[in-house]
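Respectively, the protein sequence lines represent chains R and S. Read in order, the letters of the first sequence are residues 1 to 283 in the numbering used here. Read in order, the letters of the second sequence are residues 1 to 259 in the numbering used here.
Please note: incorrect hints may appear among the correct ones.
To be verified - Which chain R residues face chain S? A few, computed with CB under 7 Å, are given here: (1) 111; (2) 122; (3) 153.
The set of hints was computed from the structure by calculation and includes no laboratory data. For every residue, glycine included, the Cβ atom is placed at its ideal position computed from N, Cα and C.
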Amino acid sequence: MSEGKAKSGAATMDLPESSGPVVEFKDVSIGFDAKQVLKKISFSVDRGETLILLGPAGCGKSVLLKLANGLLSPDSGSIRIFGQEITTMREAELYKLRAHIGMVFQESALFDSLDVEENVAYRLYEEHVPEAEAHRRVVEALKFVELEHAITKFPSELSGGMRRRVSIARAIISNPDLILYDSPTGGLDPITSTTIIELVMKQRDVSHTTSLLVTHRLQDAFTMATHRFVPEKGMVALPTDGPNHGTDESTKFLMLNEGGVVFHGTTEELVHSNDPWIREYLS
Amino acid sequence: MALLSPEVYLKKQVLAVQEYSILCATAIADIFTRPHYWDDVWAQMDSIGVGSMPIIVLTGFFTGCVLALQSVTALQEFGAVSKTGSLVSLSMVKELGPVLTGLMVSGRNAAGMASELGSMKVTEQLDAMRALGTDPIRKLVAPRLIATVFMLFFLTIVADAFGIAGGALVAIYLEGLNGSSYLHNSYQGLVYGDVVQGLTKPLFSAFIIATVGCYFGMKTTGGTQGVGRATTQAVVVSSVFIIIVDLLVTRAMIGIFGS
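Extracted from the complex, chain S is given alone in its bound form (with noise of 0.2 Å):
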């Protein structure tokens, strides 16, 4: 590959960002702008929503296990075991549920829609669209990013809700917790503020998850080995991005709900 020149580097990442800023404006415009393509977006919410359901629901589960596992183990030392359903519904919640649903969902459809857009890119199928009087922004953009907001916040929802279920399978079969006393923790240790940040949080990253992939995949150039970079940018790009925003969004929570 040949070395660019700082200049030209830098010009190449401003206009990268110029030209994905511009499609996210068109995508948010377009939502608001007649016409619709509803077709596209029922099937887009069953491929992302109910095509995600099994990997969101193992990681969820598992992630919860895992978590009472390692809690009970280093509350022990503060003889605080009866927090654990309190510290695992907490993190599901808050953190864990939101972060690795959106890093799930950025794995399976980030890629996908990079993958579909960029071959559709490199058979001419989008300039096919246009000249036939079809903005692909408005039927292949807008669509993906409807469903993908919608979805994501079911989905995290739905790892929460395994997450707690599998910290409790743990807490109560393999460290012979009280099943009670665990649940009663989980659903006392959440607040309203808590809720609101687990459930904001999806929101970014579904936003982040479709425009990344659509941008990646309509940028595709350079036949089917671009496909492929266009892919795997589009998964890496997708799941910094939801860390880093999840980052801002928990500062700014915290600094409305001050926990």
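Chain R on its own, in the form it takes in the complex (with noise of 0.2 Å):
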């Protein structure tokens, strides 16, 4: 793939403004080869607020994501984003709403044949976002995830952490209103891991973007819904105040197992759920 540009401009869709929910899932079944993977979830997630997925590997929880995209349809049921229904939504449409939408993907998924800065920019290259204020955004997203003496490199010259981060820079710079996270930990290092999962937390309290996060490692859920982000000392910590121990309310959980949701909740109600299976689960 060379890093040609459209002789005319990606499209954006218009948000209405609305004050429901920004994602919401009704009675969505979707399966593969005559095996059901998702059946009849039903959840919601409000404008500002961070659902974490939790299950077992193969439950679904990446195939939920791609559906909430729009990159994988539906077999019943209703999914409406930012309050629009998408299952019915033509290929074109969803291309322009995607443009309020961030995704991580759970491999980094860069473009191989771009550098950095060519990765990062893709999205404001499509809109023909003049070159110099492409430039200073990248860099600015690359600031962001502590990358900027990375632009010129090519992915192939990156370690795992670092196209996580990469990922992370290109999925939120365009601003977008809702960012979806595959794994952004999996198959990478503890101490790796936690710098992944501090960027998440900085981009969630800084600007609180609604987000859903799927993650198998119970730590990391558990970090980001008890840590906070501090933007006067740039750094995480561990708050002692507020209600529920200073736990973050905007953080909440949703477990899937065999194709179902077994919990939705906050944090609270997940640690002192009394479901054997989730007990098992979280010990």
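Combine the two chains into a complex, taking the hints into account.
Below is the structure:
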């Protein structure tokens, strides 16, 4: 793939003013090769909320994120993003809607033939943002993920953690209204995982962007719920004051198992749940 | 590998034909609507056209050489050695030039497209492209289709020219034929219908190479093993299609031009 730019721009969709949920799933089901992956899933995510998706491997967490971005179509049910039904939307309309959604993929999914700057600026190039403005915003996004020194490198020259950080920079460069993180710490060592989770927290607490985060690492999920990014100090801290032992009220959990929702609620509700499966999963 | 029931197998084949047809129709529609990715078109033209030039020159040249050698031996029996030029040029322009160029470019570029797009598919780069608001068919398939159709046409002319030149070299220096007579017969042997036939075939072959290569690439599943499988399928299917379509186009051209 070359770094070619389209001669006419990628359009964006004006979002209607809506006070309702940003993401709303109603009785969503999907299956592959006669195997039902998600069965009548229903949940919603309000504006500014972070929903952490937990569950064993293969329970459909990544599929759910792809459904939320319109990359997959459900077999049945309704999915509303920013109040708009996406299951009946044409692909051309979906491309416009996706201008408001950032996505971090499981294996980063950076374009091999493009360098870091071109990867991060990809969406800006498609929208015909002037080159100087695009460069300024790329540097800003890379500074956010502390990778401005790697701007000229190619994905093959980066470590796994650096690729995830570039992927986060690519997702946030257009200041999206919704961010979907698909296992951003998957396959990384604990120290790098912590760095990535701190970046996700920073984005949550600085921009208050609605987000869905898939993870199979419980410590990442609870770090998200219990810690905050303090802009004045420029670092992540553990708050001791506030209700519910200082846990973040805007961070909620959705647990999936065997294609169904087994839990949807706050951190406090999760840790005090008496459901035997949840207790076993958390232990 | 699990054995499929005839019903499941047939359903899969029908689905594949449907998906391939939709891909072709979408790619053609994308050529005539904006936005266009011209930088990608130039890059593909360089890769397919300039990149394939050495193998096309060598294939055309040595095919012409062999054709002249075989023709001289056969024509000697009828006392028609002077018709060698005519036989070589007709064979090259009407049949061997277009088909061999198609097959060589298929082996090189259908495989390249399937492996490149297949790798992008299994590493979620195609999904990332869609998530970033870009249509992968418009960005990846349409430029490859335009570039292949345009460049295969000229590659076929190059193969024809080098084939006739190779035939001339063998006829003159190995078989001792008169050079002027060879070239005169080569030129006189060709009529308008022959040239049209020879230059229509690469348009169909190019369409097959680009669409089949991209189809198998975009449908890749199963990691790196899947990429290898997609590459093999792309080359096999496009090569067989080229030969089948060659027969159909030849029959249609004979119907139109009468020879």
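Hints, verified against the model:
{"no.": "1", "hint": "111", "in the structure": "6 Å, holds"}
{"no.": "2", "hint": "122", "in the structure": "5 Å, holds"}
{"no.": "3", "hint": "153", "in the structure": "17 Å, violated"}
When the structure is compared with the earlier hints, a violation turns up for hint 3 alone.
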